[in-house]
Structure formats: structure tokens, C-alpha cells
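Note that the protein sequences, when read in sequence, are chains A and B.
Convert by adding 8 to the 1-based position in the first sequence; the result is the number in our numbering.
With our numbering, letter number 157 in the second sequence gets 137, and the count goes up by one each step, no holes.
Be aware that a few hints might be false.
[What the hints assert, rightly or not] Within a straight-line C-alpha distance of at most 16 Å, the following computed EDC-like cross-link-like pairs (lysine to aspartate or glutamate) qualify:
| hint | chain 1 | residue 1 | chain 2 | residue 2 |
| --- | --- | --- | --- | --- |
| 1 | B | K95 | B | D224 |
| 2 | B | K53 | B | D41 |
| 3 | B | K10 | A | D55 |
| 4 | A | K181 | A | D115 |
| 5 | A | K181 | A | E196 |
| 6 | B | K10 | A | E196 |
[To be verified] To list a few chain A residues with every Cβ distance to chain B over 10 Å, as calculated:
| hint | residue |
| --- | --- |
| 7 | Y150 |
| 8 | P180 |
| 9 | V211 |
Simulated from the structure, these hints should not be mistaken for lab results.
For every residue, glycine included, the Cβ atom is placed at its ideal position computed from N, Cα and C.
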Amino acid sequence: MATTAPVRRRKRRSVPIGRILLLGFFLIFVLWPLYWMFNTSIKPSDDYLTVPPVWFPAHPTLVHYEAALFTYRGLDGLINSLIISLSATVLSALLGTLMAYSLARYDTGGKHLSFWVLSQRFLPPIGIVLPVFLIYRQVGLYDTHVGLIIAYTVFTLPVSVWMMFAYFRGMPKSMEEAALVDGCTRWEAFWRVAVPLAAPGIVAAAVFAFIACWTEFFFALILTSRTAFTLPTVFRAFIGFQGAQYGEAAALAIVSLVPSIALGVLAQRHLVRGLTLGAVRG
Amino acid sequence: MTTQTITRMQAAGPPRRLSRFGQWADRHFKWLLVAPAVLLILALSIYPLLFSLVVSFINYDFQVPGHAFVGLKNFERVVFDPVARWSLFLTAWLSAISVAIEFVLGLLVALTMVKSFPGRGVIMSILIVPLFISPVIVGQAWTLLLQRPFGPTNYLLTQLLGQEVTIGWMTERPWLYISLIVADVWQWTPFMFVILLAGLTAIPPNLYEAAELDGVSAWQAFWAITLPHLAPMMLLALTFRLLDAIRMFDTIFIMTGGGPGTQTYTASYYLYTVGFTQFHLSQATAGSWLFLIFTAFVVTLLVRRLLKTEPV
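Here chain A stands alone, though its shape is the one from the complex (with noise of 0.2 Å):
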């Protein structure tokens, strides 16, 4: 590009100590407790309190898993997880779309609108759940995986709506414009030519609704209990560390964790509008 832009002596850097050591620091500090977690995860309980503590198991064993995922019902909560989280994640995409579209096609209800959905995302859950959670015992829905579905949709809506506003913001709307000339409804402008064009913003926002779902914990704990119980909640079971279980629990975690990780380092390229709920284009 700066073909033409003069030759400038560059200051030539020695190797940047500071900057190897911090990123380093950090790199450790950020995966020396997965690591751990890991370890526990595999290790046999004759293990546990040797000092100095086993570094590298030498023999790895999986009955963690095994006792994590059917002694403490880690399956159940597994299954359940991936019924709420999909569910909600595919009602919030849905919902999330139409109100985007609306607010950025349309103006609809002009700023107050737009910003009253942005505010219930900094409503405090304890505020919001006391009251559902009585209102869900009074009409059975307490302890259902539609009850919860229901309040992870409400909870994901927010960032949908926003992050597919900024996407729709970011589309010329020439084509549908074009679709409405050419005697296409308003509903054919969007969805025949709107959402196709979009589609990579829905699934950017539909994979962060479903990590949001995923790891969501305090609604979990207070609107289910033996049924609809997520993956989160039963960790419950390892406070306390009455008995040795440190591996179910690091088992379980490691459970857990490997699907959204694996989802949100997939759409990293959408991280930074994800955690701005659009504000910022990364």
C-alpha cells in the first residue's frame, strides 16, 4: 500500500524482555488452573495428598468420569443442559431477529424501545428471580425444563437483539428495498432476503446465547431442583469436600467445559460485538 511513502529508518527493537515475560505470566496464570483441573480429573485418589503433590498422574484413570457422570447424575444434568440451552438459544435467536430487524429497518418505538431491551441486561438476576420463582411455583413451572427455557430466552434476549441490531445496521438495505419495489410483502423483504444475508450475525448470536446458557448458574439454582436441573447445578453436590471428590468434581467440570469453550473459540471473531452486545465491531 505505502509503495511510494519514503524509506524510514526504523528503530530495530531488541527482543522485548517485558513484554515475553508478562504475556507469559499470563499465559501460565490462565492455563495453570485448567491444567490442575485436568490432572485432578484423571488422577487416582491415592494420590490427593501426597507432598509433594503428583504432577503427572502415572496412572490415569477415568472412574471420575464414570462416577461424576452416573453416581452424581452428571448425565442427567448433561442431557438437561443440552435441551435448555439449545431450546432457549434457538427461541432467542428466533425472537432476537424479528426486534433487531424491526429496531434497525424500521425505527420501531425509536431509541426508548431499543434501549429499554439493553436495560434488562443490567437488571440484577436476584431481583428478577424471587419473584419468578413464586410465580413459577403458583403455575407449574417450577422445576421444568419449559420454565427454564422460558427464562433463558428472556435472559438471552437482550444480546441477540442487540448484536443482530449492529449486524443489521451494518447491511446495506438496497436489496431489500429493491425486493419491496419489485412487490414483495415486508415479511418476504426480510425473510427471503434480509435473514440470508445475515445469517452469519444469527449464528454468531446464537452461539453466544448458547454459551450464556450454558453456563448460567444462579437461575438454575433457584427454578429447578431433581428434574430440570442443569449441568452447573450439580456441582452443588462437591461443596464442601466432606468426602474425597475432588476428581467427580474436576471431572465434571472438565465435562462442561469442552463444549463452550469449543463454540466460543470458534466464534472468536464475533467475541468483541458478543461481549458489547454490539457496540464495538472487533
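Following the hints, complete the assembly by docking chain B onto the known chain A.
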């Protein structure tokens, strides 16, 4: 406002071939699209809020029968509860310290990652991993590292420092606060880092080139170019993070359970115990309204400023 532009999309009339319902639907298209989401939010967020407002003025307690109107009694109970005040105080302090550390650390790491170098993509993927992990698991991971006698932290410190270290990371002051902050920093520094890095890469590089030509030092360039350009992004990152930090609950639930005693009660944890282990539901809803007002205060304070500075 006065000269609101009507786009061609808004002006377009419905096609002739539609039925009467189709015509009606097309005319009110924009409202039909927002209706499902708005209705759902109304049903599950606004209605519960109003309901809880009612609950906070009546007696709604699993231990006391009846739903009599009690006026401000529930609010009084919260306001005069020393544990409630302590939990709000702790929430403010813990979130302020965590967010400050996350901000500084995130900025430093972002600065090291601005220029491309071999392996940057892989490192980037590793650094963002904590963002995709449930806070429950983060608490679990740090528990495994810190809890005596299982966790290896004291052993490592003993080796490093050359003297016996026997810290009760989850039971002794001030270490339990440090443990909670470390877990929070571990999870959320990447948040700061990712947003600040996006801000840094958006600064036009020719500014730095011009500065270099003028013989400006790197430190001066940071103050004169980086900081002012990054300011809106910094405010955005801080606002978002702070609003999440004051809800802190999950890691505490797993790591300390609020204890020992009530030493690690945050606002959310306090309200949770009042509502769901003592079953004083109306007292808890009254408290959560007070907390809501507190949050709204913080939100308007921060978001107002954010909207003023931000033409991102």
C-alpha cells in the same frame, strides 16, 4: 426529531395481491416483529418486577402464614440488618478491586498483543478461554488449587519462598477475599483484554508513525495518542464489567458459601440466603428492590457518561 427521514422501506405500500389480513399485517409489520420479544420480556421481567413490588409491601414468608399488608416493614428489616449493609459494602469493595485489577492487567496484556508476532493467533485463543467457562467451574478450579490440604498452592509457595506457608485460602481473612478476587480476575481479565485490544487496533497506525518522526517517546505517545483514543472503549469495558461484577454470586457459592459466618456475603448472596435458606421471601424482595435501585443508580451514572463519549 422534526425531520425524521422516512426511508423507502417505511413508505412502501402493501402489494395489491394480499388478502385483507395480509394487508393489515404488512402495514403493522414493524410492530408484529417486535411483539413476541416484547411480550416475553414483559411477561418474565416486567410483570415479576411489579409482582415483587407488591410482595415487598406484604407479608410473604414461608414461616409466617397469611399475606397481610405490612407497609415498609420489610424494607426496614433489610436496612437495619447489619449483615445487609456489610454485604453491600463488600460487594462494592470486591467489585471495585477486581475490576481495577482486571482493567490494568487486561490493558497490559492487550498492549503486548497489538503487534502481530508468530503464534499470536494461538495465544489469543488460549487467553479468551476463561470467558466461556461457567463461573461455577471457575470457583471449582480455584477451590481445587487453594483448598487445604488438597490444593498445591501452599506447597508451591513454600518451595518458592523457602519457608513453611500454611494459609487457609478459603477460611482466613484476608486470604479468602484475595482468593475470590483472584478467581474473578482469572475469569474476567480476558474480557477487558479483548475489548481494549479491539480499541487499540482501531487506532490509526499513522498517528504513531507521525509521532515517531517527531521524536516522541513511546511513553509520551501512550499518553498523547493511545489513552485519548482508547478512552471511550475503556469506559465501555469498565461499565459492562462493573455492572456484572456487582452481581457476584456463583464463585462465592462454590468457594466459601458466604462464610466463614457472613464474612463473604455479597449483596446477591445475602438476598439469596434471606429468600431461599431462611424463606423470608418478602424481606428478600424488598432487599432486591433496594439493590435494584442501587444498580439503577450506578447504571445511569455510568451509562450516561458512556453515551456522551461514545460514537464508536
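Starting from the hint list further up, note which numbers the structure goes against and sort them upward.
-> 1, 3
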